[in-house]
Amino acid sequence: MKSRLIASLALGALVVLGTSGCAMISTQATTIQYSPSDGVNIPDSGPLQVRNVLIVADDDGNDGNLIAAIVNTTSDSQTLRIEFGEGSAKTTESIRVPANSTVSLGTDETEPVLLEGIDTKPGAVLPMYFQSGDGEGILFDVPVLDGSLDYYGDLLP
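Note that the sequence shown covers residues -25 to -1, 1 to 132 in mature numbering (1 follows the signal peptide of the UniProt record, and there is no 0).
One or more hints might be untrue.
[Unchecked claim] Pairs of lysine to any residue residues, derived as SDA-like cross-links and limited to a Cα-Cα distance of at most 25 Å, are as follows:
hint: 1; residue 1: Lys96; residue 2: Arg26
hint: 2; residue 1: Lys65; residue 2: Pro132
hint: 3; residue 1: Lys96; residue 2: Asp13
hint: 4; residue 1: Lys65; residue 2: Ser76
hint: 5; residue 1: Lys65; residue 2: Gly112
hint: 6; residue 1: Lys96; residue 2: Asp34
hint: 7; residue 1: Lys65; residue 2: Thr6
hint: 8; residue 1: Lys(-24); residue 2: Ser1
hint: 9; residue 1: Lys96; residue 2: Val15
hint: 10; residue 1: Lys96; residue 2: Ser123
hint: 11; residue 1: Lys96; residue 2: Glu111
hint: 12; residue 1: Lys96; residue 2: Thr48
hint: 13; residue 1: Lys65; residue 2: Gly81
hint: 14; residue 1: Lys65; residue 2: Asp94
hint: 15; residue 1: Lys96; residue 2: Pro73
hint: 16; residue 1: Lys96; residue 2: Gly128
hint: 17; residue 1: Lys96; residue 2: Gly60
hint: 18; residue 1: Lys96; residue 2: Ser52
hint: 19; residue 1: Lys65; residue 2: Asp34
Just so you know, the hints here were simulated from the structure itself, not pulled from any lab data.
Let the sequences and hints guide you as you build the complete structure.
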């Protein structure tokens, strides 16, 4: 009788361990950071946080509108410097973000930033350099989209 009880307890322990053992050694999926939208989040490298960055361009890909949310959690006004292109075709844009605020490019309150001469067709990525404050800056691939989705149609250059 006791051996039957011990065997059933051991079997129960094996079933519990066998069904939950994977969770003990695998990465928890909710801890993996990702960009849940069409744009990308730029890793923080200065006082400004740059979120959901994307470019909306027409089919020829000559010019594009930069769409992003730029968050400043500091008590001072900050400037985000953006560069793209190489050599003599390198272009620099600056966006001023007031203290403790968010600038959302491409909304009713703030126009998108027109990037001329990106020479990148929709479906590709454009390498862009982002730098704010004393941060080192970071080079990141920004997706270029077209206006085929209704909510991007009004954002075409």
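Verification of the hints:
Between the alpha carbons of lysine 96 and arginine 26 the distance comes to roughly 22 Å, so the proposed pair stays at or under 25 Å and holds. The hinted pair formed by lysine 65 and proline 132 meets the criterion: a straight-line CA distance of about 20 Å does not exceed 25 Å. Simply put, lysine 96 and aspartate 13 have alpha-carbon atoms about 16 Å apart, close enough for the 25 Å limit, and the pair holds. Distance hint between lysine 65 and serine 76 is unfulfilled; the C-alpha atoms sit about 29 Å from each other, more than 25 Å.
At roughly 16 Å between alpha-carbon atoms, lysine 65 and glycine 112 fall within 25 Å of each other, so this suggested pair holds. Restraint check for lysine 96 and aspartate 34: satisfied, since their Cα atoms lie roughly 6 Å apart, inside the 25 Å limit. Simply put, lysine 65 and threonine 6 have alpha-carbon atoms about 37 Å apart, too far for the 25 Å limit, and the pair is violated. Annotation: proposed proximity of lysine -24 to serine 1 is violated, straight-line Cα distance about 37 Å (limit 25 Å).
Proximity of lysine 96 to valine 15 is assessed by CA-CA distance (about 17 Å); at most 25 Å being required, the pair is judged to hold. The hinted pair formed by lysine 96 and serine 123 meets the criterion: a straight-line CA distance of about 13 Å does not exceed 25 Å. For the proposed pair lysine 96 and glutamate 111, the alpha carbon gap of about 29 Å is over 25 Å, so the pair is violated. Between lysine 96 and threonine 48 the CA atoms are separated by roughly 34 Å; this puts the pair beyond 25 Å, and the hint is violated.
Straight-line distance between C-alpha atoms of lysine 65 and glycine 81 comes to about 23 Å, which keeps the hinted pair within the 25 Å bound. Annotation: proposed proximity of lysine 65 to aspartate 94 holds, straight-line Cα distance about 12 Å (limit 25 Å). Pair hint lysine 96 plus proline 73 does not hold up; C-alpha atoms about 33 Å apart against a cutoff of 25 Å. Under the criterion of a C-alpha separation no larger than 25 Å, the hint pairing lysine 96 with glycine 128 is consistent with the structure, at around 16 Å.
Of the pairs offered as hints, the one joining lysine 96 and glycine 60 holds, with about 14 Å between alpha carbons and a cut-off of 25 Å not exceeded. Between lysine 96 and serine 52 the CA atoms are separated by roughly 34 Å; this puts the pair beyond 25 Å, and the hint is violated. For a cut-off of 25 Å, the pair hint linking lysine 65 to aspartate 34 stands: about 22 Å separates their Cα positions.
Of the numbered hints stated above, those contradicted by the structure are hints 4, 7, 8, 11, 12, 15, 18, listed in ascending order.
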